[in-house]
Amino acid sequence: MTRSFLQFASLSFAVLVGSSLQATAADDTGHAQFLKYGCWQCHGTEGQGTSAGPKLAPEPLPYEAFSAFVRSSSRQMPPFREQVLPDQDLQAIHAYLSSRPPAVDVKKFIDP
Amino acid sequence: MANTRGSSRRVFLKTVVAAGATGTVAGAQVANAAGPAEHLDLPPPKPSALPPNAQVAAAEVGQVPNAPEESRKPGSDFMVDVMKSLNFDYLLTNPASSVRSFHESLINYGGNKMPEMLTCMHEESAIGMAHGYFKITGKPIPVLVHGTVGLQHATMGIFNAWCDRVPIIVIGGNHLDAATRPPGVPTFHAAQDPNAIIRDFTKWDDQPVSLNHFAQSMVRAYRIAMTPPYEPVAISLDAGLQEVPYPKGEKLQIPKYVASAPPQADAAALREAAKLLAEAENPVIIADRAARTPAGMRLVTELAETLQAPVVDQLGRLNIATNHYLNQSSRGRALVSQADVVLGLELSDFWGTVNGYIDNEENHGHGIQERGTKPSAKLISISATELLSKSNFQDFQRFQPVDIGMAGDAEASLPLLIEYVKSALPAGKKDALSQRAERHKKAWAENRARSIAAAGIAWDAQPISTARLCAEIWNQIKGEDWSMVSRDSFHSSWPTRLWPFDKYYQFIGASGGYGVGYGAPAAVGAALANRAFGRFSLNIQSDGDLMYAPGVLWTAAHHKIPMLNVMHNNRGYHQEVMHVQRMSNRHDRVANLGGGSVPVGTGIENPNIDYAKLASSLGMWSAGPITDPKDLAPALKRAVEVVKGGEPALVDVVCQPR
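Residue numbers (this note's numbering), protein chains in the order written: chain A, 1 to 112; chain B, 113 to 770.
Errors might be hidden in some of the hints.
Unchecked claim - DSSO-like mimics (lysine-lysine), calculated; alpha carbons at most 30 angstroms apart, straight line:
| # | chain 1 | residue 1 | chain 2 | residue 2 |
| --- | --- | --- | --- | --- |
| 1 | B | Lys553 | A | Lys55 |
| 2 | B | Lys590 | A | Lys108 |
| 3 | B | Lys742 | A | Lys107 |
| 4 | B | Lys542 | B | Lys490 |
| 5 | B | Lys363 | B | Lys185 |
| 6 | B | Lys368 | B | Lys225 |
| 7 | B | Lys554 | B | Lys387 |
| 8 | B | Lys502 | B | Lys534 |
| 9 | A | Lys108 | B | Lys554 |
| 10 | A | Lys108 | B | Lys749 |
Said to hold, decoys possible - Reference listing, derived: stretches of chain A covered by chain B, where coverage requires no fewer than 3 residues with Cβ under 8 angstroms from a Cβ of chain B:
| # | stretch |
| --- | --- |
| 11 | 36 to 45 |
| 12 | 49 to 57 |
| 13 | 71 to 79 |
| 14 | 95 to 107 |
What the hints assert, rightly or not - Using C-beta positions, here's what the derived DEER-type ranges look like:
| # | chain 1 | residue 1 | chain 2 | residue 2 | range |
| --- | --- | --- | --- | --- | --- |
| 15 | A | Asp28 | B | Lys502 | 52 to 58 angstroms |
| 16 | B | Gly707 | A | Ser72 | 29 to 35 angstroms |
| 17 | B | Gly708 | A | Asp87 | 24 to 30 angstroms |
These are computed hints drawn from the structure, not numbers from a lab.
Backbone N, C-alpha and C define an ideal beta-carbon position, used for all residues, glycine too.
Put together the whole structure using the sequences plus the hints.
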């Protein structure tokens with residue numbers, strides 16, 4: 001019982017650590033691409049949105065819709081074609097945006 | 113008997129001259145001791161009534177006698193008398209040889225009071241300070257510059273003031289007489305027509321050739337500048353006229369200043385506009401520079417409440433309180449698209465207000481241009497700018513046809529428009545107006561909730577989010593009688609989204625002409641004005657803007673102008689960062705970052721500028737650079753205490769781009 005529990009706990013820990021490391025790696029890669037391709041310039045380094053570009057994160061659009069807009073925008077945002085921004089990098093960016101933490105409730109801070 | 117009479121007359125005249133001469137200075141002191149008037153309200157700003165000085169008093173009865181007990185006085189002494197008659201609080205200058213006599217007369221003969229001279233480290237800074245000062249006080253400040261090189265330094269600031277409808281009185285030195293002027297530098301700096309370089313963006317200018325000409329031109333310049341549309345004016349000041357003593361017995365007169373009433377829109381056109389507004393189902397009011405004074409803000413609000421019409425405040429000035437439910441600025445595009453009547457008040461860009469433009473590669477690279485209103489929508493414009501347009505610089509923007517156009521000052525026209533709207537509103541419309549009010553109250557509350565929710569995203573981010581920056585600032589200043597002396601669009605408009613701006617002096621708009629380098633000096637000028645009212649001035653300062661002429665921080669420190677400067681340090685010329693990125697995308701290329709974080713040529717990094725050290729070196733208390741949001745509140749708290757102690761302070765914060 002004890003051994004089983006320990007085995008389960010160790011396994012869970014390994015899975016959690018592994019998943020966390022993978023997420024961190026994905027975050028780092030995606031964040032680097034988010035910066036490299038200039039997405040942050042209008043949307044903020046966390047994709048939080050600014051007066052120059054709408055909020056992307058947390059909870060970005062599903063990847064298909066996200067990708068479709070990035071590739072073929074005919075609005076204010078210029079399109080990023082694949083020759084400029086490869087699919088792999090765009091997926092990493094989406095993963096980074098998906099990993100952003102939820103908003104902090106600041107109502108009491110601003111409107112006490 | 114004749115001798116007795118003559119003797120008596122001489123004694124009488126000496127007495128008048130002596131009393132009048134003291135009266136000039138004493139009058140100024142009295143004005144100072146009484147403190148500045150409350151922010152100028154309707155009627156339009158004008159110099160407060162001072163006791164007449166010697167020249168003015170004597171001018172009422174004819175000749176102005178010269179002081180008989182003194183040696184002959186330089187012309188610049190009389191020029192100072194003229195300046196005092198116009199009740200200027202301050203004069204801003206970067207010193208120059210071409211105005212040396214006037215300078216000496218101001219500080220010695222004039223006692224450096226009314227006006228008090230402030231030392232600026234760049235002529236553009238001096239103009240920017242005068243710009244910001246006017247927006248708080250409604251009073252112009254003269255700016256004294258070298259006529260050629262100094263005026264060239266000043267030009268961008270004057271252009272901003274022109275576009276922003278702000279009166280500035282520029283006085284530039286010159287050496288007119290080629291036969292007598294000193295050789296070398298003064299001749300390099302002399303010109304036939306020095307004001308030619310700013311004539312495209314000034315309302316009027318002159319180069320007086322006599323002292324009486326100077327007096328008339330200064331009073332005329334003041335009146336022209338202060339008649340809406342307010343604009344800069346310029347006087348070129350000949351060095352010879354300043355320095356050469358004027359002959360005894362020369363008749364000198366200072367004309368009496370009387371403000372001109374502002375131009376009002378045509379009454380019949382106002383009545384027609386009122387009818388359209390009263391009968392509209394979805395009227396929308398768009399205001400840009402409508403409120404010239406606090407009374408203008410009240411009038412815009414009264415019109416909106418009468419119609420229960422939403423106001424989209426484009427924030428050239430504060431036109432309606434941000435916490436008023438009819439302030440629906442965040443819904444501007446949607447409201448315009450649904451409107452049946454759009455009233456534009458002093459819009460700088462009516463076309464851009466009712467049309468959409470998307471800067472992309474569609475339409476052969478010209479971008480998308482689309483109508484933003486219903487085809488049936490009626491457009492009404494009231495603007496004083498139509499009374500004064502020039503051809504060269506394109507600040508009049510694209511041409512927008514309207515259904516009713518009125519060339520007149522919006523603020524001066526609003527009382528009659530409101531009266532006509534009240535008369536024109538159908539009696540049975542009360543319920544519809546109540547429903548409109550409820551709809552707008554709900555929309556305002558929902559927008560407020562959205563803004564607060566959005567502020568919490570990336571709350572702990574590094575670089576620090578502009579929402580966090582503004583929320584932390586608000587927590588430190590909300591108990592003060594505060595005035596934000598900077599624009600807010602560079603930091604995603606968080607202040608006007610989150611803070612209750614309900615007093616006219618709490619917001620000063622922007623530069624007008626988008627000439628970068630305006631922000632820091634305008635903030636110092638506005639803070640100078642706020643100092644007299646004991647207000648707390650806050651400047652959220654862009655890094656690129658400050659570096660055009662950072663010496664203005666020294667001016668703030670030297671003249672003990674209390675203000676809190678918080679650096680929005682995004683380490684780049686961010687508008688250009690985005691432009692180059694847009695072009696890179698359009699050309700299917702990855703932007704070359706050159707080893708930095710933004711496209712080559714747009715960053716202010718490697719090395720990063722230490723703004724705290726910069727401010728400290730210029731005599732200002734400072735803290736930073738702050739990179740962790742947790743360190744923000746303690747630094748701001750300390751800075752607030754410094755400012756409340758009467759000194760300026762600067763906190764450098766490394767921030768998100770927008």
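Do the hints match the structure? See the list:
Between Lys553 of chain B and Lys55 of chain A the alpha-carbon distance is near 25 angstroms, which keeps this suggested pair within the 30 angstroms criterion. With a C-alpha separation of about 14 angstroms, the suggested pair Lys590 of chain B and Lys108 of chain A falls inside the 30 angstroms cut-off, and the hint holds. At roughly 18 angstroms between alpha-carbon atoms, Lys742 of chain B and Lys107 of chain A fall within 30 angstroms of each other, so this suggested pair holds. Only pairs whose Cα atoms come within 30 angstroms are accepted, and Lys542 of chain B paired with Lys490 of chain B is accepted, the gap being roughly 23 angstroms.
Using a Cα cut-off of 30 angstroms, the hinted pair Lys363 of chain B and Lys185 of chain B holds, with the two alpha carbons roughly 14 angstroms apart. Among the hinted pairs, Lys368 of chain B with Lys225 of chain B is consistent with the structure: their alpha-carbon atoms are about 21 angstroms apart, no more than 30 angstroms. Note on Lys554 of chain B and Lys387 of chain B: the hinted pairing holds, with a Cα-Cα distance of about 27 angstroms set against a maximum of 30 angstroms. Note on Lys502 of chain B and Lys534 of chain B: the hinted pairing is violated, with a Cα-Cα distance of about 37 angstroms set against a maximum of 30 angstroms.
With a CA separation close to 21 angstroms, the supplied pair Lys108 of chain A and Lys554 of chain B stays within the 30 angstroms bound. This hinted pair checks out: Lys108 of chain A and Lys749 of chain B have alpha carbons roughly 19 angstroms apart, not beyond 30 angstroms. By the rule of at least three residues with a Cβ nearer than 8 angstroms to a Cβ of chain B, the coverage given for the stretch 36 to 45 of chain A holds, with 8 such residues. With a cut-off of 8 angstroms between beta carbons, the stretch 49 to 57 of chain A has 6 residues touching chain B; three or more are needed, and the interface restraint holds.
Counting residues of the stretch 71 to 79 of chain A whose CB falls under 8 angstroms from any CB of chain B gives 6; the rule of at least 3 is met. Note: the stretch 95 to 107 of chain A has 6 residues with beta-carbon separation from chain B under 8 angstroms; the three-residue rule is met and the coverage holds. For the hinted restraint 52 to 58 angstroms between Asp28 of chain A and Lys502 of chain B, the CB-CB distance of approximately 55 angstroms keeps it satisfied. Take Gly707 of chain B and Ser72 of chain A: their Cβ atoms lie about 32 angstroms apart, and the range 29 to 35 angstroms holds.
For Gly708 of chain B paired with Asp87 of chain A, a C-beta distance near 26 angstroms keeps the hint of 24 to 30 angstroms intact.
Hint check: a violation occurs at hint 8 only; the rest are consistent with the structure.
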